[in-house]
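Trainee: Here's the letter readout for the chains.
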Amino acid sequence: MLLSDLNVGDKAQVTGLHAERAVRRRILDMGLIAGTRFKVLRVAPLGDPVEIVFKGVHVTLRKNEAAGIEVEKTGEAGDRKPMGREGRKRWFGR
Amino acid sequence: MIQGHEIRVALAGNPNCGKSSLFNALTGSHQRVGNFSGVTIEKHEGFVDYGKYRIRFVDLPGTYSLTAYSPEELVARHYLIEDPPDVVVNVVEGPNIERNLLLTLQLMEMEVDLLVALNMFDEVEAEGIEIDVKQLQRLLGCHIIPTSAKKKQGLRSLLDHVVRVYEGDIEIKKNKLAFRQELEHAVDAITGMLDDEPELGKYNRRWLAIKLLENDKEVYNVVRQYPVWVKTELALQQIMQETGTLYKTDPETGITEDRYAFIRGAMQECVRHPREKKQSLTDYIDSVVLNRVLGLPIFLFIVWLIFHMTFTLGTPLMDGLDSLFGLLSVSVSPLLPNETLRSLLVDGIIAGVGGVLVFLPNILLLFLGLSFLEASGYMARAAFVVDKVMHRFGLHGKSFIPMITGFGCSIPAIMATRTLKSPSDRLATIMIIPFMSCGAKLPVYVLLAGAFFTPAAAANVMFGIYLFGIVVGLLTALAMKKTVLKSDSEPFVMELPPYRWPTFRSVIVQAMRKALMYLKKAGTIILLAVLLIWAFSNYPKNPELDEVLDRRIAEIEMTVTDQGQKEQAITEAENTISSEQLEYSIAGRAGKILEPVIRPLGFDWRIGVALVTGLAAKEVVVSTMGTIYSLGEADETSTELKSILKSDPGFDQATALSLMVFVLLYIPCVAAVGVMRKELGQWKAVAYYGAYALAVAWIFSFLTFRLAQMLV
Chain A
9 MLLSDLNVGD
19 KAQVTGLHAE
29 RAVRRRILDM
39 GLIAGTRFKV
49 LRVAPLGDPV
59 EIVFKGVHVT
69 LRKNEAAGIE
79 VEKTGEAGDR
89 KPMGREGRKR
99 WFGR
Chain B
54 MIQGHEIRVA
64 LAGNPNCGKS
74 SLFNALTGSH
84 QRVGNFSGVT
94 IEKHEGFVDY
104 GKYRIRFVDL
114 PGTYSLTAYS
124 PEELVARHYL
134 IEDPPDVVVN
144 VVEGPNIERN
154 LLLTLQLMEM
164 EVDLLVALNM
174 FDEVEAEGIE
184 IDVKQLQRLL
194 GCHIIPTSAK
204 KKQGLRSLLD
214 HVVRVYEGDI
224 EIKKNKLAFR
234 QELEHAVDAI
244 TGMLDDEPEL
254 GKYNRRWLAI
264 KLLENDKEVY
274 NVVRQYPVWV
284 KTELALQQIM
294 QETGTLYKTD
304 PETGITEDRY
314 AFIRGAMQEC
324 VRHPREKKQS
334 LTDYIDSVVL
344 NRVLGLPIFL
354 FIVWLIFHMT
364 FTLGTPLMDG
374 LDSLFGLLSV
384 SVSPLLPNET
394 LRSLLVDGII
404 AGVGGVLVFL
414 PNILLLFLGL
424 SFLEASGYMA
434 RAAFVVDKVM
444 HRFGLHGKSF
454 IPMITGFGCS
464 IPAIMATRTL
474 KSPSDRLATI
484 MIIPFMSCGA
494 KLPVYVLLAG
504 AFFTPAAAAN
514 VMFGIYLFGI
524 VVGLLTALAM
534 KKTVLKSDSE
544 PFVMELPPYR
554 WPTFRSVIVQ
564 AMRKALMYLK
574 KAGTIILLAV
584 LLIWAFSNYP
594 KNPELDEVLD
604 RRIAEIEMTV
614 TDQGQKEQAI
624 TEAENTISSE
634 QLEYSIAGRA
644 GKILEPVIRP
654 LGFDWRIGVA
664 LVTGLAAKEV
674 VVSTMGTIYS
684 LGEADETSTE
694 LKSILKSDPG
704 FDQATALSLM
714 VFVLLYIPCV
724 AAVGVMRKEL
734 GQWKAVAYYG
744 AYALAVAWIF
754 SFLTFRLAQM
764 LV
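These protein sequence lines map, in sequence, to chains A and B. Residue 102, in this note's numbering, is where the first sequence stops; the numbers in between run on with no holes. Residue 765, in this note's numbering, is where the second sequence stops; the numbers in between run on with no holes.
If you are wondering where the hints come from, they were derived from the structure by calculation, not from laboratory data. Glycine is no exception: its CB is placed at the ideal position from the N, C-alpha and C atoms. Misleading hints may appear alongside valid ones.
Stated by the list, open to error - Simulated restraints on C-beta separations:
| hint | chain 1 | residue 1 | chain 2 | residue 2 | range |
| --- | --- | --- | --- | --- | --- |
| 1 | B | Tyr273 | A | Ala75 | 28 to 34 Å |
| 2 | B | Gln762 | A | His26 | 46 to 52 Å |
| 3 | A | Ala42 | B | Pro137 | 32 to 38 Å |
| 4 | B | Gly727 | A | Ala75 | 38 to 44 Å |
| 5 | A | Gly86 | B | Val346 | 19 to 25 Å |
Let the sequences and hints guide you as you build the complete structure.
Mentor: Below, the structure is given as structure tokens:
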């Protein structure tokens, strides 16, 4: 599944990047690497770009750029599933 | 302070990490703005005297990484390598420490003498985030100093640490981040090869090896110059192939993932976020401001608000300055007995410079608004809101900011396009910027709209003309992207920073800088141009006209008895003669040659003169009209110019609108053309642009004039 296929409110995890180099570098700089869990927060008033949020960082990308990010959907709007800050479990488990 | 006790410090950090605020808080008023050599990226330098040292700070451009993908990153990197500072202070945005540490790790890889300023620490505490600074220090191997630029906390401690690092009192561990095994082997192998090349001395070998694996074009070009490249290239190719087939990833992604893996580990050990994350203010504001229904109207409203603030607040200040210059002219006139000298000073210099200075309040107010939007974080949202439109016209949401800057001055705006990485985006943005209503066109609009429309209508006319420039610009971009520029545009992967209330000082400083830039232009180019125009419009002298005037005055003295009527008649005679003298001068002749071409637009030869001299700088259109319409008068202010224009039978609302459109669209000022030439790299493109701009200006002015004549 691709990030561009997600709807507003969906939660997902990055599984791979297929974007072209410059776009991929920017995605990496933002911290959107394999394993990152994020939520699709909103789309712009005109329908593009989209805004996603992860680890308190808000990042925007165009839909055609989002199509270069492979994801696995983990939840959707209203399911009350936590997006999960990675490592929280381990922190409290120690 | 003893000479020679200087410490050079570079500030590095992400965009929006509060680096500039920290720089301001540290250096106070001891600041200087320049450029990094070879590029037009601003270089802010400043110093502070601390103990026996003078600590000099350089504020590097804000970057997320130190790769070769953007000019800012290259500049930051070059500075650290070519001109190594004594200490590098990495400013980290405390609440967003995780993502910020990516840059920290890359600085560590360069093995610079590093200190970390954990900035916005007040926000960290307010949000309830716990950071184990001691443990993080151990992991990074460098000292971490909690700071808050806003509350001016931790600044002394930071300076103290800088001095201690300089004196060798603090040991910087220069920890090495170990990558996954196969990458580590590759880095080691290449580092070993590079070690054989003594010429690469100033570069850290391990850093070069990492960059080569990251496919860094710049570093490739450096290493390629040395014999060691032959075997390095072979080894690199082999590694790339292996990682590609074995691990389904390229080294660049792998290296970044490993950096994040280290950061994640460090986060787990040292940072604890509050369990319940309450809805932040930013989330709340964005749910309104970026709302699907409200987002666009709010955006348009904010832009509209800024312009209304500029004009309603600016007008009284403007009038004040205006009368001040009028007073100056009146009081200076009697001091100069020589008529030529008096005319030069009063009609040339005071009138010209005054006519320019008078618009300073408007420009200052406009930039106060824009700086506030920038510093508060709304600008990024604006890019998000408008990207789809901009992208549809072949531009990037980020083109919007240079475009907006174009409302102040085309010169910094054209330079600001350097943040756009794709050359085709840049070219398209540069081409549309001159169609934006820059600060220098504002005087022309204010004069004409003020003279021919009621205050309420004038504001709408000006809003309309600003909007019209945007439309013409966007259509131009679209036409270019469909014809000459077909390549891809830049990614829109960017951060929406949390909203922050900008410090009063930083907003003021930004606006003052812009105003200063305008003034510098006013002081040099404009004054020169005004003097030139004064000469053009006064010479050559027609001696016969003086005789005619003398004869007429003598006639009036004889025939008219009433004192008031006599004075009025003399003034009228003088005005006729000065207008005839102007017609006889170089400027008059040039205007007359142009008249047949601009007649269909509603312009006479006098406007022709103003348009020609306006090429020096658009605001000169106003001062030229001032000089042309009021030669021979001692008191020359724009309020008077307005009434003179209004009483001119050849000048009505249609002419005013047509002239505003022409000034909006035709060739930008010489300074902008120069910058354009520099950014485009060739005169040919500039020449094409000039021809295009003239054609567009003529056509739209013609349409405006005819349409307005029918409607008004």
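Trainee: Evaluate each hint against the coordinates.
Mentor: Outcome of the hint check:
1. B:Tyr273 - A:Ala75: 28 to 34 Å: Given range 28 to 34 Å: holds, Cβ gap about 29 Å.
2. B:Gln762 - A:His26: 46 to 52 Å: violated (59 Å)
3. A:Ala42 - B:Pro137: 32 to 38 Å: holds (35 Å)
4. B:Gly727 - A:Ala75: 38 to 44 Å: holds (42 Å)
5. A:Gly86 - B:Val346: 19 to 25 Å: holds (21 Å)
The structure shown violates just one earlier hint, number 2.
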